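Going down the list, the protein sequences come from chains A and B.
One point on numbering: in my numbering, the residue at position 316 of the first sequence is 1089, and numbering is uninterrupted.
One point on numbering: in my numbering, the residue at position 145 of the second sequence is 147, and numbering is uninterrupted.
Treat the hints as calculated values from the structure; they're not laboratory data.
All values derive from a computational prediction rather than experimental measurement.
Be a bit skeptical, because a hint or two may be false.
[What the hints assert, rightly or not] One-sided excerpt, in silico: chain A residues whose CB lies under 10 angstroms from chain B:
| # | residue |
| --- | --- |
| 1 | P780 |
| 2 | T789 |
| 3 | G793 |
| 4 | G809 |
| 5 | S816 |
| 6 | I820 |
| 7 | G964 |
| 8 | F1004 |
[Claimed, not checked] Capping the alpha-carbon separation at 30 angstroms, the derived lysine-lysine pairs in DSS-like fashion look like this:
| # | chain 1 | residue 1 | chain 2 | residue 2 |
| --- | --- | --- | --- | --- |
| 9 | B | K378 | B | K141 |
| 10 | B | K362 | A | K935 |
| 11 | B | K311 | B | K188 |
| 12 | B | K468 | B | K286 |
| 13 | A | K1050 | B | K555 |
| 14 | B | K188 | B | K375 |
| 15 | B | K16 | B | K188 |
| 16 | B | K286 | B | K111 |
| 17 | B | K555 | A | K934 |
| 18 | B | K144 | B | K399 |
| 19 | B | K362 | B | K111 |
| 20 | B | K502 | A | K779 |
| 21 | B | K362 | B | K375 |
| 22 | B | K378 | B | K16 |
| 23 | B | K502 | A | K920 |
| 24 | B | K502 | A | K934 |
| 25 | B | K399 | B | K438 |
| 26 | B | K16 | B | K468 |
| 27 | B | K464 | B | K269 |
| 28 | B | K280 | B | K399 |
| 29 | B | K51 | B | K16 |
| 30 | B | K280 | B | K438 |
| 31 | A | K844 | B | K438 |
| 32 | B | K399 | A | K779 |
| 33 | B | K94 | B | K111 |
| 34 | A | K935 | A | K844 |
| 35 | B | K280 | B | K144 |
| 36 | B | K327 | B | K269 |
| 37 | A | K932 | B | K188 |
| 38 | B | K280 | B | K464 |
| 39 | B | K399 | B | K362 |
| 40 | B | K51 | B | K399 |
C-beta atoms are modelled at their ideal positions from N, C-alpha and C, and glycine is treated no differently.
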Amino acid sequence: MTYILKPQLHHPLLPTNSLGYTRRDYEGSVSTLCAGCGHDSISAAIIQACFELELPPHRVAKLSGIGCSSKTPDYFLGNSHGFNTVHGRMPSVLTGANLANRDLIYLGVSGDGDSASIGLGQFAHAIRRGVNMLYIVENNGVYGLTKGQFSATSDRGSKSKKGVVNTDAGIDMVSLALQMGATFVGRSFSGDKEQLVPLIKAGLAHKGAAFIDCISPCVQFNNHVGSTKSFDYVREHNEAVNTLDVIMPRDPIHVSYKPGESVRVQQHDGSILSLHKIAELYNPANRAQALGYLQARATRGQIVTGLLFVDPEAGDLHDAVGTIDTPLNQLNEAELVPGAAALEKLNAALR
Amino acid sequence: MHRTREIESDYFHKVVDCQYACPAHTPVPEYIRMIADGRYSDAYMVNWKSNVFPGILGRTCDRPCEPACRRGRVEAEPVAICRLKRVAADLKSDVSDRMPPPAAASNGKRIALVGCGPASLTVARDLAPLGYQLTIFDKDTKSAGMIRSQIPRFRLPEEVIDEEVGYIAALGGIDMRFGTPVDSLKGLLTEDYDAVFVGSGAPRGRDLDLPGRAEAAANIHIGIDWLSSVSFGHVETIGRRVIVLGGGNTAMDCCRTSRRLGGDDVKVIVRSGFDEMKASPWEKEDAMHEDIPILNFRVPTAFTHENGKLTGVTFEVVEALFDAKGRRKLVPSGDPDEHYECDDVLLAVGQENAFPWIEKDIGVEFDEWEMPKVDKATFQSTLPGVFFGGDAAFGPKNIIWAVAQGHDAAISLHKFCQGEDVAVRPPPGVTLVSQKMGIHEWSYDNDISNDIRYRVPLRDKKEALKSVKVEVELGYDLQQALGEAQRCLNCDVQTVFADKLCIECDACVDICPMDCITFTEDAPDDAGGEADLRGRLSAPAGNLTQDLYVSGKLGTGRVMAKDEDVCLHCGLCAERCPTGAWDMQKFYLDMTYAGADA
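Using the sequences and the accompanying hints, generate a full structural model.
Put into structure tokens, the structure is as follows:
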């Protein structure tokens, strides 16, 4: 960790967004994670994405569980709402918060231990319910806080820092999210902000359950030869299927790709995802194909990254439950307690 | 891009803006850290070694360091470097035992120095400990040249001058002959000196030959002569209404001195625009603070007089026009001429060199502007044994320039007297040492202060204007000094990058508060390449005078490019680097003085 506070001075030409904020205004306190931690890069990408999306910080809620990754919400969006929940229970708390106030933008930040071990069930159910959120797993394949045991996402055959070989199969969070019905699924790498920042922007703008699996090397316990989550390994095996530009409704549309080279997808909030294909046959609109592609590439030892699946027409939990547009926490007593006659009517309807 | 070579080049020296801008290359951040540490005497000695007159310069320097200060590029105002120098001088303890001892024995060489100003005194300071017998001649009755004669006492008390000249006199082997003008260089050369140094300054104030000049002569004074007369007590009063003509620092000294000698309606009137005046901004402020208006764009056309007595000055009102090449021309604005009444006029419209005492046939050649032909590096004239320095060499500048030139001339004089080639100059010593003390501990305070520049407290205006001898600036008190010292960014503690250790984790990029660091594709090694690379930085600099620090190719084929322009030297890149690829290393430039390479 670092002892001093990050200086308040900033570059004299630092741009401001339409809210008058600089990128620095979206920062939090100084990270207490190990120097070089991939999670810090993801925090920086979240800061950049929120700045570019011009999000009012007080309209964002960041929730997390337990672990190195779950500590990070302290290091970004210092003026947003936050909830650090018990281990693995972030999805439930997020679901509850979202039901109570549908107007906030929900960002769940978790790790491979928090989401793939103790919280695997919670993760699966929040995704399958279509909670409107962006759920980011900062995936380093290791229990860093307890000094380097394999986590549930460690690949079979990968080696720990001490030389032990992992015999258990790794859980692929991306495949799981696809199977659970996530309507926006991406994978990225903490060392590639050019890919990660637009993915986070698109995920935040997405309506429904958006999930990003972000590989994030643990410099302390999982960045050695034999690891499949090290900087070197990920850089060598990274197979991006596309690159992404996110164009918000207020932005002037200028696309650098020639016609025919990119696919445009308009999301619910009017944002346009301009996808530039890299992998010729990859189609991010087809869930089944995405699953097959991931499997095929994984057997070749490749890590597929990019926007893997998106359903721009997706609905969310509120649509399914049929809640009213007004956030529930803004309803007054009269609206919440309609009286005995209304109860009688409801009961009668159920008889 | 060509990989940055730190040590061999001036690269890191340039990063220390203040030191680089200082003609004497005083290690500014080093002495400011000493002040912050309570080591005032050490801070004084670092200054003394480099600029010889810390107490004097801490009150009067033209401060080329401050406009250069990096702090001025990241917030409103630079560090008050000059006034911190005064703090070191004010708070030090007795430093006499830290001064070099007199030479054990004379080396048998005799050098004559003409003029006892800052240039000659610097030469004497550098050469006396080496055993030279030095004879200094000066026309005035006291030492220090323009320091004493032209700078008013309310800016620089006499004790400070006496103390700092005293340190030099105590070095031994120096014979100061006052009231002894040199009126013939030819004569001096026959006196068997091994070498001669001319540090006689720019002693002639420019006159203004306008109608009425002769008739009203009794009340029209040449600024620097008048200031000198005030300094030596020959003049004690001036008329109630005074007009000062000229826009330089001498004009500011003239008007402020007038306010203290009975002038209660004092004006400065300049030809140029206010912003283009030669006076330092803070000197203009000080004058205006003493209720002295500065009227600009007025060209004097005549001195008016009645019965042989000055009655005022007539001015033509002009405006500035710029031609296609951006050159300024003053043209009549068409407004009617203005007349300002006054009792006295002080002329501060420039000063000149004058060498009537140097014969034209002895081998010292002069150029078309009547200036001696002097080598810019060695300060040697065309007559090998005669050297020049200070204002006498290249025209009027400031004390700090005279000191820097004195150091260089001393090296030449020493080499000349030892029969060595004066053109072979000893290079400065350069060291670069890691400041790492622990995982997140550095030997310097890397926590950046958010304080804005501290104002130097002034004596109450009423009190200050009562006497020409009462110092106006009170200097920082201890709390203010420590606060101001904390504003220094420690630019000499450099960010040093080792390509081979970098794993490209982006931690430095993410933490850098100033967006200085970019990992990007390499660019071709030419001017276009640099422009291309600058365009791809995360926050391109407006100021292009600071270089880019470019690494060799890294694992992914990219390079690390750091823009030095607004780096705070907070060391967070090094703190967040998991492999130690970044380190904070203190750059120290040890200037070489006469005799050091022996």
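K399 of chain B paired with K438 of chain B [C-alpha distance capped at 30 angstroms]: violated, 41 angstroms
Restraint check for K51 of chain B with K16 of chain B, where alpha carbons must lie at most 30 angstroms apart: Holds. K51 of chain B to K16 of chain B sits at ~21 angstroms (cutoff 30 angstroms).
30 angstroms limit on alpha-carbon distance, applied to hinted pair K286 of chain B and K111 of chain B: violated, 46 angstroms
Straight-line alpha-carbon gap K935 of chain A to K844 of chain A, limit 30 angstroms: holds, 26 angstroms
Restraint status (C-alpha distance of K468 of chain B to K286 of chain B at most 30 angstroms): holds, 20 angstroms
Proposed proximity, K188 of chain B with K311 of chain B (alpha carbon, max 30 angstroms): Since the Cα atoms of K311 of chain B and K188 of chain B sit roughly 43 angstroms apart, the hinted pair is violated (cutoff 30 angstroms).
Agreement of K399 of chain B and K779 of chain A with the hint, judged by alpha carbon distance not exceeding 30 angstroms: With Cα atoms ~42 angstroms apart, K399 of chain B and K779 of chain A exceed 30 angstroms; violated.
F1004 of chain A as an interface hint toward chain B, with CB separation required under 10 angstroms: At 5 angstroms from the nearest chain B Cβ, F1004 of chain A passes the 10 angstroms test, so the hint holds.
Given pair status - K438 of chain B, K844 of chain A, alpha carbons within 30 angstroms: OK: K844 of chain A and K438 of chain B at ~28 angstroms, within 30 angstroms.
Distance restraint between K144 of chain B and K399 of chain B, which requires alpha-carbon spacing of 30 angstroms or less: Distance of about 22 angstroms is within 30 angstroms: holds.
Hinted pair K280 of chain B and K399 of chain B, Cα distance within 30 angstroms: holds, 11 angstroms
Interface hint compliance - G964 of chain A to chain B, C-beta minimum distance less than 10 angstroms: holds, 6 angstroms
The structure does not agree with the numbered hints 2, 3, 10, 11, 15, 16, 25, 26, 30, 32, 33, 36, 37 stated previously, though it agrees with the rest.
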